[in-house]
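Here the protein sequences come in this chain order: A and B. So for the first sequence, full-length UniProt numbering puts the first residue at 1; every next one is plus one. So for the second sequence, full-length UniProt numbering puts the first residue at 1; every next one is plus one.
Keep in mind that the hints are not guaranteed to be accurate.
Any copy will do: because identical chains look the same in the list, a pair fits if it lies in one copy or spans two.
Listed below are the simulated DSS-like cross-link pairs for lysine-lysine, each with C-alpha atoms no more than 30 Å apart in a straight line [what the hints assert, rightly or not]:
{"id": "1", "residue 1": "234", "residue 2": "51"}
{"id": "2", "residue 1": "133", "residue 2": "72"}
{"id": "3", "residue 1": "160", "residue 2": "192"}
{"id": "4", "residue 1": "72", "residue 2": "192"}
{"id": "5", "residue 1": "332", "residue 2": "163"}
{"id": "6", "residue 1": "332", "residue 2": "169"}
{"id": "7", "residue 1": "72", "residue 2": "160"}
{"id": "8", "residue 1": "192", "residue 2": "234"}
{"id": "9", "residue 1": "332", "residue 2": "192"}
{"id": "10", "residue 1": "192", "residue 2": "225"}
{"id": "11", "residue 1": "169", "residue 2": "117"}
{"id": "12", "residue 1": "72", "residue 2": "101"}
{"id": "13", "residue 1": "234", "residue 2": "72"}
Since the hints were made in silico from the structure, they are not lab data.
2 protein chains.
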Amino acid sequence: MKHFTFHQISGLLLIFFVSYCAPKQDYDSLESVVVEETALTSWNDGPSKQKIIQFVEKTTDSSSPDFVPESKRIAVFDNDGTLWAENPVYFQLFYAIDFIKKHSPGHPEWSANPTLKAILEDDLQTALEGGEKALAEIVMVSHAGMTEDQFTSSVRDWIKTSKHPQTGKAFNQMIYYPMVELMEYLRESGYKTFIVSGGGIDFIRAWAEETYGIPPYQVVGSSLKAEYTEVDGKNQIVKLPELNFYDDKAGKPVGIHQHIGERPIMAFGNSDGDYEMLEYTTQSPGPRLGVYIHHTDSIREYAYDRNSLVGQLVRGLDNAESNGWLLVDMAKDWKIVYPNP
Amino acid sequence: MKHFTFHQISGLLLIFFVSYCAPKQDYDSLESVVVEETALTSWNDGPSKQKIIQFVEKTTDSSSPDFVPESKRIAVFDNDGTLWAENPVYFQLFYAIDFIKKHSPGHPEWSANPTLKAILEDDLQTALEGGEKALAEIVMVSHAGMTEDQFTSSVRDWIKTSKHPQTGKAFNQMIYYPMVELMEYLRESGYKTFIVSGGGIDFIRAWAEETYGIPPYQVVGSSLKAEYTEVDGKNQIVKLPELNFYDDKAGKPVGIHQHIGERPIMAFGNSDGDYEMLEYTTQSPGPRLGVYIHHTDSIREYAYDRNSLVGQLVRGLDNAESNGWLLVDMAKDWKIVYPNP
Numbered sequence: 001m002k003h004f005t006f007h008q009i010s011g012l013l014l015i016f017f018v019s020y021c022a023p024k025q026d027y028d029s030l031e032s033v034v035v036e037e038t039a040l041t042s043w044n045d046g047p048s049k050q051k052i053i054q055f056v057e058k059t060t061d062s063s064s065p066d067f068v069p070e071s072k073r074i075a076v077f078d079n080d081g082t083l084w085a086e087n088p089v090y091f092q093l094f095y096a097i098d099f100i101k102k103h104s105p106g107h108p109e110w111s112a113n114p115t116l117k118a119i120l121e122d123d124l125q126t127a128l129e130g131g132e133k134a135l136a137e138i139v140m141v142s143h144a145g146m147t148e149d150q151f152t153s154s155v156r157d158w159i160k161t162s163k164h165p166q167t168g169k170a171f172n173q174m175i176y177y178p179m180v181e182l183m184e185y186l187r188e189s190g191y192k193t194f195i196v197s198g199g200g201i202d203f204i205r206a207w208a209e210e211t212y213g214i215p216p217y218q219v220v221g222s223s224l225k226a227e228y229t230e231v232d233g234k235n236q237i238v239k240l241p242e243l244n245f246y247d248d249k250a251g252k253p254v255g256i257h258q259h260i261g262e263r264p265i266m267a268f269g270n271s272d273g274d275y276e277m278l279e280y281t282t283q284s285p286g287p288r289l290g291v292y293i294h295h296t297d298s299i300r301e302y303a304y305d306r307n308s309l310v311g312q313l314v315r316g317l318d319n320a321e322s323n324g325w326l327l328v329d330m331a332k333d334w335k336i337v338y339p340n341p
Numbered sequence: 001m002k003h004f005t006f007h008q009i010s011g012l013l014l015i016f017f018v019s020y021c022a023p024k025q026d027y028d029s030l031e032s033v034v035v036e037e038t039a040l041t042s043w044n045d046g047p048s049k050q051k052i053i054q055f056v057e058k059t060t061d062s063s064s065p066d067f068v069p070e071s072k073r074i075a076v077f078d079n080d081g082t083l084w085a086e087n088p089v090y091f092q093l094f095y096a097i098d099f100i101k102k103h104s105p106g107h108p109e110w111s112a113n114p115t116l117k118a119i120l121e122d123d124l125q126t127a128l129e130g131g132e133k134a135l136a137e138i139v140m141v142s143h144a145g146m147t148e149d150q151f152t153s154s155v156r157d158w159i160k161t162s163k164h165p166q167t168g169k170a171f172n173q174m175i176y177y178p179m180v181e182l183m184e185y186l187r188e189s190g191y192k193t194f195i196v197s198g199g200g201i202d203f204i205r206a207w208a209e210e211t212y213g214i215p216p217y218q219v220v221g222s223s224l225k226a227e228y229t230e231v232d233g234k235n236q237i238v239k240l241p242e243l244n245f246y247d248d249k250a251g252k253p254v255g256i257h258q259h260i261g262e263r264p265i266m267a268f269g270n271s272d273g274d275y276e277m278l279e280y281t282t283q284s285p286g287p288r289l290g291v292y293i294h295h296t297d298s299i300r301e302y303a304y305d306r307n308s309l310v311g312q313l314v315r316g317l318d319n320a321e322s323n324g325w326l327l328v329d330m331a332k333d334w335k336i337v338y339p340n341p
């Protein structure tokens with residue numbers, strides 16, 4: 001389990017407890033959204049919007065030398081920080097903590113475990129002091145041992161009832177509307193949209209179709225091993241407490257290979273964990289587009305890159321230009337951030 | 001590697017060397033194909049065709065109590081023996097043998113390996129005497145160490161140029177036309193069609209789109225581990241000589257869970273290796289259909305079940321009726337077998 005971390009955990013705590021100002025929404029910028037009728041109405045006109053639309057137009061125009069047949073129009077999207085927010089910690093960790101609290105009455109043995117006991121006492125600092133081992137315990141207790149149906153129900157219940165501690169929004173309302181609109185635009189243009197996330201594949205599948213229009217079989221992510229076994233007189237899939245695949249960094253191209261089996265032609269990420277995915281996507285002949293979403297908006301969302309403990313972006317910032325990758329500036333390029341500001 | 005076998009290898013040899021009569025084609029039955037205009041024209045009228053069409057109609061009729069929304073219309077198909085032939089041995093083994101012969105001039109070291117040496121001398125009996133270890137060597141030498149692009153090219157070249165030793169047909173002409181027609185009918189009815197095979201995922205992906213209309217991301221199969229690494233100055237996926245996943249028997253529901261993330265509502269297989277897939281598909285509320293293709297046609301294809309060394313069907317035959325699964329009788333139910341008899 002040594003790889004199954006949420007990056008530099010030791011510092012997450014700091015972010016978690018420092019009291020952020022709840023992001024303020026910029027209502028002024030909303031007015032023009034309804035007026036325009038072209039593609040990507042939630043994007044401001046400018047080089048980013050232009051580059052994306054030009055790419056889609058040239059790859060879908062059968063008279064263009066850059067035309068790509070529909071079956072090869074594969075676009076991949078990181079999730080945390082690319083399709084929805086990831087501050088103050090990855091939202092999946094909130095799910096895990098809430099799960100442990102909710103189910104603790106049936107598990108008196110959890111209070112003998114220092115990590116779980118600390119979570120039950122709202123002492124995340126102590127809980128995470130155990131580092132990767134502690135985080136693995138948290139993930140396994142809240143993700144393994146369930147049937148696939150139980151886990152899916154558990155995540156769906158959580159996403160319906162839980163609120164983000166800073167914005168008070170439901171977590172699936174902290175998705176980026178311009179990215180949802182972009183994915184719809186791509187699908188209307190004959191693209192297949194896939195999520196390729198370091199987060200848990202089944203966690204994302206539980207709500208991705210309703211939220212993003214992406215079906216379960218177009219989600220790639222980190223996974224636990226699973227077994228087919230009889231539970232309550234019925235043969236079911238049960239999630240095991242053992243890592244199957246860690247879909248981050250160089251794992252992303254491998255996950256794409258194993259699940260999609262085709263090199264994408266567009267890739268969208270926001271952190272160094274997406275670097276290899278953008279590299280794999282763009283390092284091949286033919287039209288290719290790599291895009292980094294740069295978190296520059298401290299007012300409407302969060303501003304972070306090099307020194308962040310979630311979604312750290314160093315190598316990506318240093319090499320985006322020389323690699324020909326587009327850097328989307330959230331503050332400048334997006335008219336709105338969330339669907340309901 | 002102990003699981004990576006082609007079932008009861010010790011006996012494959014027998015089948016391989018016993019001289020089968022090349023299957024004779026029944027041209028008489030072809031005439032009526034063109035006349036009918038309903039669905040599944042290559043299927044004879046009868047209970048099998050009726051049951052499949054009724055299932056599709058009730059699940060796609062929005063006024064039916066058994067209506068299934070499009071996003072849940074998932075149909076899974078085994079490959080060897082369900083979509084194409086599997087006699088005298090799984091066709092992937094022919095690919096492996098041909099690969100070893102073709103590339104032996106660049107690998108003088110292979111002749112020091114008894115298994116590979118025997119293959120180079122056309123002595124499959126000796127080659128397979130090493131059992132699972134020998135088979136693993138054959139598979140690894142012919143599948144691992146290549147980039148994904150090299151492997152795909154290699155399989156595509158092979159399928160374009162190789163012929164089946166008994167029929168003289170290209171291997172991708174030994175697909176079952178009634179199944180190809182069925183998959184098209186399902187897709188036209190809003191179903192997604194997936195292959196779920198014990199065979200190699202990348203081997204199938206190389207030709208499945210052209211042959212069956214199934215894109216690479218809708219193929220689930222056995223796989224080797226892979227890594228993302230630099231080859232010839234470019235970052236690429238390289239297949240490693242280590243088993244990643246064995247997609248057979250209880251592995252099939254697990255493979256479906258990990259790749260598709262959704263319990264199918266239709267499943268098609270032909271051997272006991274598909275039993276758990278049919279069970280997983282049909283053991284849940286709502287409309288469900290499990291189908292076994294029963295190889296009953298010694299004239300146009302092959303007749304085998306309980307005592308066969310490929311595609312053995314014992315448990316499936318014993319329990320199909322009590323499980324409510326349809327047994328398709330190839331000889332009676334199909335007007336034609338291959339697309340070009």
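Evaluation of the provided hints:
no. : hint        : in the structure
1   : 234 <-> 51  : between (52 Å within a copy, 25 Å between copies)
2   : 133 <-> 72  : neither (41 Å within a copy, 38 Å between copies)
3   : 160 <-> 192 : both (27 Å within a copy, 28 Å between copies)
4   : 72 <-> 192  : both (9 Å within a copy, 18 Å between copies)
5   : 332 <-> 163 : within (28 Å within a copy, 60 Å between copies)
6   : 332 <-> 169 : within (23 Å within a copy, 61 Å between copies)
7   : 72 <-> 160  : between (36 Å within a copy, 21 Å between copies)
8   : 192 <-> 234 : between (35 Å within a copy, 25 Å between copies)
9   : 332 <-> 192 : within (27 Å within a copy, 40 Å between copies)
10  : 192 <-> 225 : both (27 Å within a copy, 25 Å between copies)
11  : 169 <-> 117 : within (28 Å within a copy, 67 Å between copies)
12  : 72 <-> 101  : neither (45 Å within a copy, 33 Å between copies)
13  : 234 <-> 72  : between (40 Å within a copy, 20 Å between copies)
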